[in-house]
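**Student:** The residues making up each chain are set out below.
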Amino acid sequence: MVELTAKYSLLAEAIAEQLGERARALENSNRELGYAIKPEDLLECCSLLRDSEIFTFDMLMDVSGVDYLSYGRSEWETSSATSTGFSRGVSRGNAPEAGERIAETKYEPAGRFAVVYHLLSVTHNHRLRLKVFCEDDQRPILDSVIDIWSAADWYEREVFDLYGIVFRGHPDLRRLLTDYGFIGHPFRKDFPLIGNVEMRYDSEKGRVVYEPVSIEARTLVPKTIRSDNRYEPDLKDG
Amino acid sequence: MPEIQNFTMNFGPQHPAAHGVLRLVLEMDGEVIQRADPHIGLLHRATEKLAESKPFNQSIGYMDRLDYVSMMCNEHGYVLAIEKLLGVTPPVRAKYIRTMFDEITRILNHLMWLGAHGLDIGAMTMFLYCFREREDLMDCYEAVSGTRMHATYYRPGGVFRDLPERMPKYQASPHRTQKNLKKMNENRSGTLLDFIESFIDRFPGCVDDYETLLTDNRIWKQRTVNIGVVSPERAKQLGFSGPMLRGSGVVWDLRKMQPYEVYETLDFDIPVGVNGDCYDRYLVRIEEMRQSNRIIKQCVDWLRENPGPVVLDDHKITPPTRIEMKDDMESLIHHFKLFTEGYCVPEGEAYAAIEHPKGEFGCYIISDGANKPYRVKIRAPGFPHLAAMNEMVTGHMLADVVAVIGSQDIVFGEIDR
Chain A
1 MVELTAKYSL
11 LAEAIAEQLG
21 ERARALENSN
31 RELGYAIKPE
41 DLLECCSLLR
51 DSEIFTFDML
61 MDVSGVDYLS
71 YGRSEWETSS
81 ATSTGFSRGV
91 SRGNAPEAGE
101 RIAETKYEPA
111 GRFAVVYHLL
121 SVTHNHRLRL
131 KVFCEDDQRP
141 ILDSVIDIWS
151 AADWYEREVF
161 DLYGIVFRGH
171 PDLRRLLTDY
181 GFIGHPFRKD
191 FPLIGNVEMR
201 YDSEKGRVVY
211 EPVSIEARTL
221 VPKTIRSDNR
231 YEPDLKDG
Chain B
1 MPEIQNFTMN
11 FGPQHPAAHG
21 VLRLVLEMDG
31 EVIQRADPHI
41 GLLHRATEKL
51 AESKPFNQSI
61 GYMDRLDYVS
71 MMCNEHGYVL
81 AIEKLLGVTP
91 PVRAKYIRTM
101 FDEITRILNH
111 LMWLGAHGLD
121 IGAMTMFLYC
131 FREREDLMDC
141 YEAVSGTRMH
151 ATYYRPGGVF
161 RDLPERMPKY
171 QASPHRTQKN
181 LKKMNENRSG
191 TLLDFIESFI
201 DRFPGCVDDY
211 ETLLTDNRIW
221 KQRTVNIGVV
231 SPERAKQLGF
241 SGPMLRGSGV
251 VWDLRKMQPY
261 EVYETLDFDI
271 PVGVNGDCYD
281 RYLVRIEEMR
291 QSNRIIKQCV
301 DWLRENPGPV
311 VLDDHKITPP
321 TRIEMKDDME
331 SLIHHFKLFT
341 EGYCVPEGEA
351 YAAIEHPKGE
361 FGCYIISDGA
371 NKPYRVKIRA
381 PGFPHLAAMN
391 EMVTGHMLAD
401 VVAVIGSQDI
411 VFGEIDR
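If you read the protein sequences in the order shown, they are chains A and B. As numbered in the working numbering, the first sequence has no gaps in its residue numbers, which increase by one up to the final residue, 238. As numbered in the working numbering, the second sequence has no gaps in its residue numbers, which increase by one up to the final residue, 417.
Warning: the hint list may mix true and false statements.
[As the list claims (entries may be wrong)] A short, non-exhaustive set of chain B residues, derived as facing chain A with CB atoms under 10 Å: (1) P55; (2) S231; (3) R234; (4) G239; (5) D301; (6) R304; (7) G348; (8) E349; (9) Y351; (10) K372; (11) E391.
[Stated by the list, open to error] Calculated pairs, DSS-like style, for lysine-lysine (alpha carbon to alpha carbon, straight line, at most 30 Å): (12) A:K131 x B:K256; (13) B:K49 x A:K131; (14) B:K54 x B:K337; (15) B:K54 x A:K131.
[As the list claims (entries may be wrong)] The calculated label-pair distances, taken between Cβ atoms and stated as ranges, are: (16) B:N217 x A:P192: 52 to 58 Å; (17) A:L193 x B:F336: 50 to 56 Å; (18) B:D267 x A:L193: 25 to 31 Å; (19) A:R31 x B:P309: 23 to 29 Å; (20) B:G122 x A:R226: 38 to 44 Å; (21) A:Y180 x B:D194: 49 to 55 Å; (22) B:G395 x A:E216: 48 to 54 Å; (23) B:R35 x A:H124: 31 to 37 Å; (24) B:G146 x A:R218: 49 to 55 Å; (25) A:R31 x B:M329: 33 to 39 Å.
Treat the hints as calculated values from the structure; they're not laboratory data. Beta carbons: idealized from backbone N, C-alpha and C, even for Gly.
Please build the complete structure, drawing on both the sequences and the hints.
**Tutor:** Next comes the structure, spelled out in structure tokens:
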């Protein structure tokens, strides 16, 4: 468990008391308080966190979608050296496919899609992070918190647009950031960085046309994961 | 008698008062707005996804381009989140430099806002005045980083380099006389700190000038008083922050409430509005410029007295000096590793927030232990403000939309990301 300041320890105790089983502490939150919550408890917990006197989380600061598809995967395997050395190239076949099991890591994610809420209490001056994993990887659905915090309106539209997570009860769940008529959810890890279509003005047709992308995807620096003992809490001095 | 129906009007995205690329679809009843539907995303560059495809340090430059009128503050949020993940703290001098440049950036941002806001609702002189002062601050940016806007000056573990000993001077040119040249270079003979000091001595007088033009101006008040009123309860519900929240009378400033860098040790006040209208938000921002001026003064005094390192000596995350690199094998390896692969950040997640000129700028990073962030989420302060557009302008006249956009201090670089 991470060390917390006195104020946050009290808050953690209060949360343990009031939310009990419903909130599981996240252990990877550098001195910040974070809890994982089940989708079915989301609305109830959020109302409690906003209305209960000790919490009074009156502001929703941020809603962020996360796609854990390639979590903990390197693009370049270096763990075992061979007598011939190894290529500096990105191992292309390494990209996970949809539905494939997610790599094993220290803080293993409980599903492919998660939505992270950052709450702030202006009254008590404390923050909280809530993380909700969607149960179905194919059709991720969560309840909308728009009735609890009005700020959720555009945040949820953004998450829907970029990750395709549907928010039940949102009155106007349209795309927000992408182009009119865009296909796909661009921030998913299986959506290519260069996109699928490009557009240009076609002078013969006299209009803008969409075509498959003509450029090739390149990775300039491969993603590498190295275990670094310096960051192990047990080995750190003081 | 024929029935009169509402009509729909398109505002932007190529409208000078749309502050970039805002497209508003307005449902009008005569000249009164019934519903406003902002369409955003015309400047969407997927900064977050790009940042996820690059080593940590290579994305600092992207952060400048988010809110492109308060560049260093964006970097600050991102760098703080990385530092939180790495568990490092920069040297004190770096903290003071960051604080000073955050406040310089705040003035830069507010001057841009004041100039553009004034221009939008008919005070054209303001634009020229504000840009005159902005020029000097841009020169400060240029002196430390080499660029006037997209500085990439903050680094995890400190800042890129120490403040320069010499301020760049204007060169002789056939277009200016010797006398003019001498006058222009008058406050550039010393160090950067001398230059900043001469600016902060002059600046309160400039703010007085702006106030003489606007604060009691009848037309200015007609355009802003009681326009776009937001109650404190609604402001919190809608996720407002910064001057938008303070304008509504909520006492909240991260620099005081959750201090970062050296704000704890500095003496400054937080202006708070009463009515929550465009005029109060204007007053709050004007006062913030004066307070920033005070903060910069204190930082300059401290920085003069206390030389020291401005970046950590840990060459896993910061580059070694050129001199070390030329004759030390290990430094050369560090340098090579850092600029090719970058550094791996321990697995975990962190949210770091700073008081950006526009509100709370937050950066949420998830790392899976790699040399690239797994997920970067930028909490742009303008995003919830613009989301509240419908609520703020419903029932107002068309011309007030421009006043509300102006008072929200919208910049599309950060909203569309």
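**Student:** So, for every hint listed, does it hold in this structure?
**Tutor:** Consistency of the hints with the structure:
At its closest, the beta carbon of P55 (chain B) sits 5 Å from a beta carbon of chain A; the interface hint therefore holds under the 10 Å criterion. The closest approach between the C-beta of S231 (chain B) and any C-beta of chain A is roughly 12 Å, which is over the 10 Å cut-off, so the hint fails. A least Cβ separation of about 8 Å between R234 (chain B) and chain A falls short of the 10 Å threshold, and the interface hint therefore holds. Hint on G239 (chain B) holds. Least Cβ distance to chain A is approximately 3 Å, under the 10 Å limit.
Because the smallest distance between the Cβ of D301 (chain B) and any Cβ of chain A comes to about 30 Å, over 10 Å, the interface hint for this residue is violated. Look at R304 (chain B): its Cβ only gets to about 33 Å from chain A, farther than 10 Å, so that hint breaks. Taken as an interface hint, G348 (chain B) checks out: its beta carbon lies about 4 Å from the nearest beta carbon of chain A, inside 10 Å. Checking E349 (chain B) against chain A: minimum C-beta separation of about 6 Å stays under 10 Å; hint holds.
A hinted interface residue such as Y351 (chain B) counts as satisfied when its beta carbon comes closer than 10 Å to some beta carbon of chain A; here the least separation is about 6 Å, so the hint holds. Hint status for K372 (chain B) relative to chain A: holds, with the closest Cβ pair at about 5 Å, below 10 Å. Residue-level restraint check for E391 (chain B) holds (minimum Cβ-Cβ distance to chain A is 8 Å; threshold 10 Å). For the given pair, K131 (chain A) sits about 28 Å from K256 (chain B) by alpha-carbon distance, which is consistent with the 30 Å threshold.
Distance hint between K49 (chain B) and K131 (chain A) is fulfilled; the C-alpha atoms sit about 20 Å from each other, no more than 30 Å. Annotation: proposed proximity of K54 (chain B) to K337 (chain B) holds, straight-line Cα distance about 14 Å (limit 30 Å). Proposed proximity of K54 (chain B) and K131 (chain A) is supported: the alpha carbons are some 25 Å apart, at most 30 Å. Take N217 (chain B) and P192 (chain A): their Cβ atoms lie about 54 Å apart, and the range 52 to 58 Å holds.
Distance hint check for L193 (chain A) and F336 (chain B): the Cβ-Cβ separation is about 26 Å, which falls outside the suggested range of 50 to 56 Å. Checked against the hint of 25 to 31 Å, the pair D267 (chain B) and L193 (chain A) fails, with Cβ atoms roughly 47 Å apart. For the pair R31 (chain A) and P309 (chain B), the beta carbons lie near 25 Å from each other, so the given range of 23 to 29 Å is met. Between G122 (chain B) and R226 (chain A), the C-beta spacing of about 59 Å breaks the proposed range 38 to 44 Å.
Judged by the Cβ atoms, the range 49 to 55 Å given for Y180 (chain A) and D194 (chain B) holds: they are separated by roughly 53 Å. Checked against the hint of 48 to 54 Å, the C-beta distance between G395 (chain B) and E216 (chain A) comes to roughly 53 Å, which is consistent with it. The hint said 31 to 37 Å for the Cβ distance between R35 (chain B) and H124 (chain A), and at roughly 36 Å that hint holds. The supplied range of 49 to 55 Å is broken by G146 (chain B) and R218 (chain A), whose beta-carbon atoms lie about 28 Å from each other.
R31 (chain A) and M329 (chain B) have their C-beta atoms about 37 Å apart, which keeps the hinted 33 to 39 Å range intact.
Hints 2, 5, 6, 17, 18, 20, 24 from the earlier list are contradicted by this structure; the remaining hints agree with it.
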